[in-house]
Amino acid sequence: MTDFPRWKYWLVLVVLLFGILYALPNAFRPQAAVQIQGSSSNPVTPALQSQVAQVLRKAGIPGVNSSIQGERLLVRFSNTDTQLKAYTALRDALGDKYVVAVNLASSVPHWLRAIGANAMPLGLDLQGGVHFLMQVDSGSVLDQQMQRYMDDVRDSLRAKKIDYDSVTRNGSSIRVVFKTAAARDAGRALIARNDSALQLTDGSSGDGGYVLRATLSPAELNKIETSIIHQNLTTLRNRVNALGVSEPVIQQQGATRIVVELPGVQDTTEAKKILGATATIEYHAVDQNADIPQILKTGIVPPEDKLYYTRQGQPIVLKKKIIASGDEMINASSGFDQQSGQPTVNVELDSAAAARMFDFTSKNVGKPMAVLYIERIPEVKTVDGKEVHTSKTKEEVINHATIQGVFSKNFQTTGLTQSEAKDLATLLKSGSLAAPMNIVEERVIGPSLGQQNIEKGLLSVLLGLSLVLVAAAIYYKLFGLVADIALVFNLVLLVAVLSLFQATLTMPGIAGIVLTLGMAIDANVLICERVREELRNGSTPLAAIRAGYEKAWATILDANVTHLLAAFGLMTFGSGSIRGFAVTLAVGILTSMFTSVTATHAITALIHGGRKLKTLSV
Amino acid sequence: MEIFNPHSNIHFLNLRRFSIAVAVLLFIGSIALLTTRGLNYGLDFTGGVLVEVTYAQPVDAGTVRETLARAGYPHALVQSLGGTREFSIRLQPRGAADAKALDQQQGAADQVAAQVIKVLQAARPDATLKRTDFVGPQVGSELRNDGVVAVIFVIIGIMIYLWARFEKRFAVAALITELHDTVVTLGFYALTQRDFDLTVLASVLAVVGYSINDKVVVFDRVRELFRSARRAEPEEVLNRAINSTLSRTIITSLFTGIAMAALFFFGGPAVHGFAITMLIGIVVGTLSSIFIASPLLLWMGVSKKDLMPVTKENPELARRP
Chain A
1 MTDFPRWKYW
11 LVLVVLLFGI
21 LYALPNAFRP
31 QAAVQIQGSS
41 SNPVTPALQS
51 QVAQVLRKAG
61 IPGVNSSIQG
71 ERLLVRFSNT
81 DTQLKAYTAL
91 RDALGDKYVV
101 AVNLASSVPH
111 WLRAIGANAM
121 PLGLDLQGGV
131 HFLMQVDSGS
141 VLDQQMQRYM
151 DDVRDSLRAK
161 KIDYDSVTRN
171 GSSIRVVFKT
181 AAARDAGRAL
191 IARNDSALQL
201 TDGSSGDGGY
211 VLRATLSPAE
221 LNKIETSIIH
231 QNLTTLRNRV
241 NALGVSEPVI
251 QQQGATRIVV
261 ELPGVQDTTE
271 AKKILGATAT
281 IEYHAVDQNA
291 DIPQILKTGI
301 VPPEDKLYYT
311 RQGQPIVLKK
321 KIIASGDEMI
331 NASSGFDQQS
341 GQPTVNVELD
351 SAAAARMFDF
361 TSKNVGKPMA
371 VLYIERIPEV
381 KTVDGKEVHT
391 SKTKEEVINH
401 ATIQGVFSKN
411 FQTTGLTQSE
421 AKDLATLLKS
431 GSLAAPMNIV
441 EERVIGPSLG
451 QQNIEKGLLS
461 VLLGLSLVLV
471 AAAIYYKLFG
481 LVADIALVFN
491 LVLLVAVLSL
501 FQATLTMPGI
511 AGIVLTLGMA
521 IDANVLICER
531 VREELRNGST
541 PLAAIRAGYE
551 KAWATILDAN
561 VTHLLAAFGL
571 MTFGSGSIRG
581 FAVTLAVGIL
591 TSMFTSVTAT
601 HAITALIHGG
611 RKLKTLSV
Chain B
1001 MEIFNPHSNI
1011 HFLNLRRFSI
1021 AVAVLLFIGS
1031 IALLTTRGLN
1041 YGLDFTGGVL
1051 VEVTYAQPVD
1061 AGTVRETLAR
1071 AGYPHALVQS
1081 LGGTREFSIR
1091 LQPRGAADAK
1101 ALDQQQGAAD
1111 QVAAQVIKVL
1121 QAARPDATLK
1131 RTDFVGPQVG
1141 SELRNDGVVA
1151 VIFVIIGIMI
1161 YLWARFEKRF
1171 AVAALITELH
1181 DTVVTLGFYA
1191 LTQRDFDLTV
1201 LASVLAVVGY
1211 SINDKVVVFD
1221 RVRELFRSAR
1231 RAEPEEVLNR
1241 AINSTLSRTI
1251 ITSLFTGIAM
1261 AALFFFGGPA
1271 VHGFAITMLI
1281 GIVVGTLSSI
1291 FIASPLLLWM
1301 GVSKKDLMPV
1311 TKENPELARR
1321 P
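Quick note, the sequences are listed as chains A and B, same order. For what it's worth, this note's numbering labels the leading residue of the first sequence as 1, then goes sequentially. For what it's worth, this note's numbering labels the leading residue of the second sequence as 1001, then goes sequentially.
Every clue listed holds true.
Pairwise CB distance ranges, derived in the manner of DEER restraints:
#1 A:Ala543 with B:Phe1004: 22 to 28 Å
#2 B:Leu1034 with A:Phe18: 45 to 51 Å
#3 B:Gln1115 with A:Thr201: 52 to 58 Å
#4 A:Gln253 with B:Val1172: 33 to 39 Å
#5 B:Gly1157 with A:Tyr9: 33 to 39 Å
#6 B:Leu1034 with A:Arg6: 55 to 61 Å
#7 A:Thr80 with B:Ile1020: 57 to 63 Å
#8 B:Phe1004 with A:Trp10: 35 to 41 Å
#9 A:Gln147 with B:Gln1115: 35 to 41 Å
#10 B:Ala1032 with A:Phe18: 49 to 55 Å
EDC-like mimics (lysine to aspartate or glutamate), calculated; alpha carbons at most 16 Å apart, straight line:
#11 A:Lys409 with A:Glu328
#12 A:Lys306 with A:Glu396
#13 A:Lys394 with A:Glu375
#14 A:Lys477 with B:Glu1002
#15 A:Lys551 with B:Glu1224
#16 A:Lys160 with A:Asp195
Honestly, the hints are just simulated from the structure, not real lab data. For clarity, every value in this text was computed on a predicted model and none was experimentally measured. Where a beta carbon is used, it is the ideal one built from N, C-alpha and C, also for glycine.
Based on the sequences and whatever the hints tell you, model everything.
Here's what the structure looks like:
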C-alpha cells in the first residue's frame, strides 16, 4: 500500500526485535542456589570450591555445579529441597569464615546479560520474605548535635577567657549571655570561626546581659537531615550485606523513611537484630615496636597492646588507649585537599577529644595512628535445640596513616582514593551518629504464598490474554486477528520495557498487566468500528482502512492521554506496590498506542496492500 | 460478526430525565452509605496486625474465632480467604487510644503475630503461617490522605486537559460523571463492607482512568459530528454520537470485563478486590458514558459554534468585498 511509509515497517520490526530480546530473560526461571561470600582475609578460591564439593558429597548431594563469580561462590541446585539441605551443611562447615546464604541464581545466558537484558526482579509478594518500613528519628540526632555544639561553644569561650554569664540550650537554639557588648563581639567572632555551621543573631542587650543566639542555618539543618538518612541507608546496607541476603532492597521512601526488603528471610527477630546493631569508631596509636611475626606465631601480645586486622586482612598492633572515639566526633566528610587536590577525609572533634588529640599529636608527629571500627551484632544461635542469645563483635582497622603535623579539632586524612575517602567518611559517620529507627510497618510473606501468587498471576495473565484474543478474532475476523498479534506484541513489549527499567514485578503489577491487556484492545476496537462505518458509508476497502486509521487516531490520542494522566496520579503515591501498578499501567498505555496503531497498520498494509479488494474481513 | 445494528438510532436522550434521576439516586445513596456505614478500611489504612494461616484440613471460621477469643483476642476479625482452609485474622486498633498504644509497642507487633499462630497451632497442629503484616497507624492515616489527594489531582488534571482540547462544558460534564462513577464504586464498598485496602484504592483510580477513557470517545464523536454537520441540532447530534459509538463502548467494556473476570476468578485473594472494583467500575462507567454524560452536555447548552476550530483571520479575505 502506498500510503504506509516504508520506514515504519522497519520501525515496527526493530521495536519487535527489541521487545523479544529484552523480554526473553523472563523466560529463564531463576535457579535455586547457595551463595558463599568471602572476605579479604578469607577469599573465595578454587580450593574452597573443592572443599564445598567435598562437604556436599558428605551430605549426600553429589555432582553439583558451582562457579566463582567475583567474591562469591555460587552453587546451583535443581530444586529447593536439596538447596536447603546443602545450605544447612555448608553453613555448619563454613559459617565461621564465610557468609553462606540461600539465593536465587539467574539462569539468563551471558550474551543476553551482556546487552543489559535481565529478568524483572520479583516483589516480595511473589517470592516470600520480610518487609520493613523504618522511620528514622532524626530529632534525637539533631538534639545530640546541638548538645555537642553547646559544649563546644562553652569550652571554646572558656579557653579564650571570654567573659560569659551562661550558655543554655532550648531545643535547637543555643543562648549565650555575655556580661559586656565587647565580650559578645569577641564571642561572636570566635564562634563564627570555630563553628561555621551556626547562624548567629544578637538578642536583647542591656542590664540582663548581652544575648547571642546560635541556631543551625536551614541549609545546614537540611544537610544534616539528608546526611542522617544517607548514613542510615549506608549502615543498613553494610549490615544487610553481612546478613548474606541476596538482592535485598534498601531504599529511601519519603523524607524520613527507609524500606528494607529481605527476600527469602522468614525470621523477623533475627533480621531485626542485625538491623539494630550498633557501631562505633576509635582512634588508637599504632605500636611500631611490636614484633608482628612473633606475635602471630606465639599469640602473646604486650599487655598494653592488642592485635587487629585491617580490612585488607593485614595484621596490625594497636595501643589499647583510646585517643578519641565516635561519640566525640562532630562530623566527618570527604573532600579534596585545597593545596594538593588529593582526596581527603575531614574530621571534626568536640573540644574534649580535640584537647586529647592535640596532646597526642604534638608528641607523635611522624608516627602512625589508626582508626578502629567496632560493630556489635546481636546473634541468635540454636545450640542443642535451645536459642542462645550472644553478640558478635566485629572489629577491624579501617584506616591507618602517619601523623603529618600537630592538630586538634579539625584534621584531614589523605593518601586515599576518592572512593576510599567517601567510604571512610561514611564509615566514620556510621560509627558516630546513626539515628535510631523505629519499625512502622512489617510484613512477612511465606515462600509458599509467593509461589502460589506467581502461579495464579501467570494463569490470570495467560487466561485474560487468550480470552480477549478469542473474543477479538470472533468479532472482528481478520482485523481481529491482526489486533491479536498486536496485543501479544504489546505484552512482549510491556514486559521488555519493565525489564529494562528493572521495575519490580508485584501482584498489583500483574493486575496492571491484565488491565492493560484488556484496555489495549480498545484502540483496535475503535479502528475496526471506524473501518466498518466507512465501509457502510460506501467507501472502497482501501479508503476505508485509511480513513478508519486517520479518524480513530484523534480519539485514541485523547482517550490515552487522559488515561495516562490517571496513571501519573497513581504514581505520586509513595508506596511501593501501588507504584508498581501505576508504572505498569503507564508503560502499558504507551506501548499499546504503538502496537495497536502503528503495528496493526503495518500488518494491515502488508496484507491488503497492492491488491484489488472487493470486501474487507472486519 | 456484529451484535449491534449499525443503523440503530435509539433515542437515549429521551430517557434523560429517567437516567439522570437514577444517577442522582445512586449518587445520593452512595454518599449516604459512605457517611453512615463508612468504608471498611483494611490494615493498610487503619494499622494493626494481620496474620494469614492455612490449615491442612478444612476448618470452620467460627472455630478459629472461638479459639482466639478463648486465648484473649475477643476482637480478632477472622475472614475466610475463599474456601475453608485459608483465613486472615486481623487485630485492628479500635479508637485513637488503641492506635496510640499500638504505635508505642511496635516491637511487640511481631510477638502478637507469633502469639496468635502459637494459639492456633495449640488448638489445631495443622495450622501454618502464610504471612503476617504489621502497619503502624501513622503510616495508614498518611496513606489515606495521599489517596484522597491523588484522586483529586487526577480528576483536576483530566478536567484541565479536556478544557484545553475540547471546551469547558465537556470538562464539567466529565468532572460530574467522574465523581459519580467514583462515589458509586466506593458506595459499593460501603454497602458490602468489603475490605478497602491499598490495592482497592489503586483500582478506584484505575476506574477513574477507565471511565474517562470511555467518555472521551463519545465526546470526540460529539465534537466531530458538530463540526461536520451543516445543521446541528444539539439533541440530534448528541444522540447520533452515542449511537455511533455504542458498539465500541460496549465491546471495549466486554473485552476489558473478560480480562478482569479472568483476574477475579484465577488471580487469587491478593487481586480479588482489584478485579471486583474494576468490574463494578466498568459497568458504572459504561452506563454513565451512555446515559449521563451526554444529557449533561445538552443541559449545559453545548452548540456547534463552541466547537468550531479557531481559524486564523486572513486579512486578505477581510479586505475583499
